[in-house]
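Participant: For chain X, the structure is supplied; the task is to place chain Z on it using the hints.
The chain contents come next:
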Amino acid sequence: GQNIDQPTEMTATEGAIVQINCTYQTSGFNGLFWYQQHAGEAPTFLSYNVLDGLEEKGRFSSFLSRSKGYSYLLLKELQMKDSASYLCAVGGTYKYIFGTGTRLKVLA
Amino acid sequence: SQTIHQWPATLVQPVGSPLSLECTVEGTSNPNLYWYRQAAGRGLQLLFYSVGIGQISSEVPQNLSASRPQDRQFILSSKKLLLSDSGFYLCAWSRGGARIAKETQYFGPGTRLLVL
Numbered sequence: 001g002q003n004i005d006q007p008t009e010m011t012a013t014e015g016a017i018v019q020i021n022c023t024y025q026t027s028g029f030n031g032l033f034w035y036q037q038h039a040g041e042a043p044t045f046l047s048y049n050v051l052d053g054l055e056e057k058g059r060f061s062s063f064l065s066r067s068k069g070y071s072y073l074l075l076k077e078l079q080m081k082d083s084a085s086y087l088c089a090v091g092g093t094y095k096y097i098f099g100t101g102t103r104l105k106v107l108a
Numbered sequence: 109s110q111t112i113h114q115w116p117a118t119l120v121q122p123v124g125s126p127l128s129l130e131c132t133v134e135g136t137s138n139p140n141l142y143w144y145r146q147a148a149g150r151g152l153q154l155l156f157y158s159v160g161i162g163q164i165s166s167e168v169p170q171n172l173s174a175s176r177p178q179d180r181q182f183i184l185s186s187k188k189l190l191l192s193d194s195g196f197y198l199c200a201w202s203r204g205g206a207r208i209a210k211e212t213q214y215f216g217p218g219t220r221l222l223v224l
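Those protein sequences? They're chains X and Z, same order as listed. Under the numbering used here, the residue at position 70 of the first sequence is numbered 70, and the numbers go up by one with no gaps. Under the numbering used here, the residue at position 44 of the second sequence is numbered 152, and the numbers go up by one with no gaps.
Honestly, the hints are just simulated from the structure, not real lab data. Quick caveat: nothing in here was measured; it's all calculated off a predicted structure. Treat the hints with care, as some may be off.
Unchecked claim - Per the computed footprint, the stretches of chain Z lying under chain X, defined by three or more beta-carbons under 8 Å from a beta-carbon of chain X, are: (1) 152 to 162; (2) 212 to 219.
To be verified - With a Cα cut of at most 20 Å, we get these calculated EDC-like pairs of lysine to aspartate or glutamate: (3) X:Lys-68 with X:Asp-5; (4) X:Lys-105 with X:Glu-9; (5) X:Lys-81 with X:Glu-14; (6) Z:Lys-210 with X:Glu-56; (7) Z:Lys-210 with Z:Glu-167; (8) X:Lys-68 with X:Asp-52; (9) Z:Lys-210 with X:Asp-52; (10) Z:Lys-210 with X:Glu-55; (11) X:Lys-76 with X:Glu-14; (12) X:Lys-57 with Z:Glu-211; (13) X:Lys-76 with X:Glu-55; (14) X:Lys-57 with X:Asp-82.
All residues carry an ideal CB built from backbone N, CA and C; glycine is no exception.
Here chain X stands alone, though its shape is the one from the complex (with noise of 0.2 Å):
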């Protein structure tokens, strides 16, 4: 089966760090991919790891341990307009499999 795991909400103090879990247990994989959704608006990349390890942009950084089937999305120095929901993608064969999402809550 395919299945994606994120918690659905979290809440963090501006200037802080947060860390967005993913755990995945998919057939097949090519990928994982963070995209950031704010309130009504589509969905944008972040990051994409294919390869074990961190991959750092910026304040997003992003980890990925594929024998383990876990990512996190490290969110540094967090500002108001980080408030969103963090979506964990898998990339499979021609199509993907997302998450529910993790709704983030940046409060002053």
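Facilitator: The following block gives chain Z in isolation, referenced to the frame of chain X:
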């Protein structure tokens, strides 16, 4: 650069009425195209994907259908809408030519559909 368009942005339709949502991509050739639906506060549900003109794969058997009459045009249709069809419909594209989904997906602005 590539852009993806969807229309209409918002739609309110009565139960039993037909539906046609259109998506077009510019600036790329032979893209893989996708239709997703997102219910309020939920994740993305893949409805259809296409790897070429006239090639449609259905993920969810329901009262919806999709067509790809041109390389960069993807249409989502229904003959009779149900209340459960309400949601946020997103079209997406990724670079084509590869069998595996390893390319980044780029999403259109979406269509918010309310069926009453």
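Participant: Take the hints in turn and mark each one as holding or not.
Facilitator: Right, here's what the structure says about each hint:
no.: 1; hint: 152 to 162; in the structure: holds (count 4)
no.: 2; hint: 212 to 219; in the structure: holds (count 7)
no.: 3; hint: X:Lys-68 with X:Asp-5; in the structure: 13 Å, holds
no.: 4; hint: X:Lys-105 with X:Glu-9; in the structure: 8 Å, holds
no.: 5; hint: X:Lys-81 with X:Glu-14; in the structure: 10 Å, holds
no.: 6; hint: Z:Lys-210 with X:Glu-56; in the structure: 19 Å, holds
no.: 7; hint: Z:Lys-210 with Z:Glu-167; in the structure: 19 Å, holds
no.: 8; hint: X:Lys-68 with X:Asp-52; in the structure: 10 Å, holds
no.: 9; hint: Z:Lys-210 with X:Asp-52; in the structure: 15 Å, holds
no.: 10; hint: Z:Lys-210 with X:Glu-55; in the structure: 16 Å, holds
no.: 11; hint: X:Lys-76 with X:Glu-14; in the structure: 10 Å, holds
no.: 12; hint: X:Lys-57 with Z:Glu-211; in the structure: 18 Å, holds
no.: 13; hint: X:Lys-76 with X:Glu-55; in the structure: 14 Å, holds
no.: 14; hint: X:Lys-57 with X:Asp-82; in the structure: 15 Å, holds
Consistency note: the structure conflicts with none of the earlier hints.
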